[in-house]
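Chains as they are written, first to last, in the numbering used here: chain P, 1 to 66; chain V, 67 to 322.
If you're looking for bench data, these hints aren't it; they were derived computationally from the structure. You can trust all of the hints, since none of them are fake.
Under the rule of at most 27 angstroms between Cα atoms (straight-line distance), these lysine-lysine pairs were calculated in the BS3-like manner:
1. Lys89(V) with Lys29(P)
2. Lys14(P) with Lys25(P)
3. Lys9(P) with Lys42(P)
4. Lys52(P) with Lys25(P)
5. Lys190(V) with Lys42(P)
6. Lys52(P) with Lys29(P)
7. Lys172(V) with Lys89(V)
8. Lys42(P) with Lys130(V)
9. Lys9(P) with Lys26(P)
10. Lys25(P) with Lys9(P)
11. Lys29(P) with Lys130(V)
12. Lys52(P) with Lys14(P)
A few chain P positions that, by computed beta-carbon distances, are all more than 12 angstroms from chain V:
13. Met1
14. Gln2
15. Cys12
16. Ala16
17. Ala19
Being a predicted model, the structure only gives us computed values, none of them experimental. Glycine included, C-beta positions come from ideal geometry on N, C-alpha and C.
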Amino acid sequence: MQLLVNGAKEQCAKDATLAELIGHKKLRKDSLVVELNGAIIKQELWATTRLKDGDQLELLSFVGGG
Amino acid sequence: MAQDVLQLGSMRFTSRLFTGTGKFAAHAQIPPMLAASGSQMITVALRRIDSASQTENILDFIPKEVTLLPNTSGARNAEQAVRIARIAREAGCGDFIKIEVITDMKYLMPDNYETLRATEILAKEGFVVLPYVLPDLPLAKRLEAAGAAAVMPLGAPIGTNRGLETKELIALLIENCTVPVVVDAGIGRPSHAAAAMEMGADAVLVNTAIATAQDPAVMARAFALAVQAGRMAYLAKMAEESAVARASSPLTGFLH
Numbered sequence: 001m002q003l004l005v006n007g008a009k010e011q012c013a014k015d016a017t018l019a020e021l022i023g024h025k026k027l028r029k030d031s032l033v034v035e036l037n038g039a040i041i042k043q044e045l046w047a048t049t050r051l052k053d054g055d056q057l058e059l060l061s062f063v064g065g066g
Numbered sequence: 067m068a069q070d071v072l073q074l075g076s077m078r079f080t081s082r083l084f085t086g087t088g089k090f091a092a093h094a095q096i097p098p099m100l101a102a103s104g105s106q107m108i109t110v111a112l113r114r115i116d117s118a119s120q121t122e123n124i125l126d127f128i129p130k131e132v133t134l135l136p137n138t139s140g141a142r143n144a145e146q147a148v149r150i151a152r153i154a155r156e157a158g159c160g161d162f163i164k165i166e167v168i169t170d171m172k173y174l175m176p177d178n179y180e181t182l183r184a185t186e187i188l189a190k191e192g193f194v195v196l197p198y199v200l201p202d203l204p205l206a207k208r209l210e211a212a213g214a215a216a217v218m219p220l221g222a223p224i225g226t227n228r229g230l231e232t233k234e235l236i237a238l239l240i241e242n243c244t245v246p247v248v249v250d251a252g253i254g255r256p257s258h259a260a261a262a263m264e265m266g267a268d269a270v271l272v273n274t275a276i277a278t279a280q281d282p283a284v285m286a287r288a289f290a291l292a293v294q295a296g297r298m299a300y301l302a303k304m305a306e307e308s309a310v311a312r313a314s315s316p317l318t319g320f321l322h
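Okay, chain P solo, but in the shape it has when bound (with noise of 0.2 angstroms):
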């Protein structure tokens, strides 16, 4: 299946959860912030998040800036 990730299409797995996805981009996640169809996923939920076809996701982080 087809995600949209941070604006680029991507393919997946189908049925992966989240953490499967972070965990294959082998992710950092304590920095890591999930917008998911533009609402925030936690990081305790992301193990029983199942993606869908044509989910867009936002993998953000904090950085430095004035």
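With chain P held as given, fit chain V onto it using these hints.
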């Protein structure tokens, strides 16, 4: 002298130097900079991850007692700023938000109209809103009415280190605003920060001038002292200027 406290939202600040996390050569420079500056509030930004450079969490470098001030940089209109603010709060960064809406990428001038719109929305949602603006008195009064916790006029364009180029306009805000006035952007030297505080600014926000100094921690200390000196001078009520000389020693009783 009674303790001099700046209140924003429910937080009380004894340091009037706000700092930023941008442009440091390494995140590891941030903790010693904060310790040297005594700063109790620091800005951060929110961005899409770059998995290649996602090796450190900047929040690990900021002690818990320092208030985070996420900014909405990258927003080009009020709606985008509101979205970033909500994400930052959901992500556990607290209620403070620096609204920064920039549509002009050459001079990086804040868009005052979009900033006002974002302030109206976010103040209603309980955010402690600190809007970054061009110093414009009627706009500042509208921001106050909309529930802004402070106004943050620029001294000079972001990152230019040119100081208080908008001094006369900032003075109008200081004289007429009921909310604190925090001079943000353009402050390049401790003397600029001292001058802003002598004028009666309630605080200054300094990022580039500290982060890109050869020794950020020492520069942070220099800024902290300048802010304290300027604030004390303001509270002490400075003597007036005079166009002609006025002798400091008696002009009578000479020995000749």
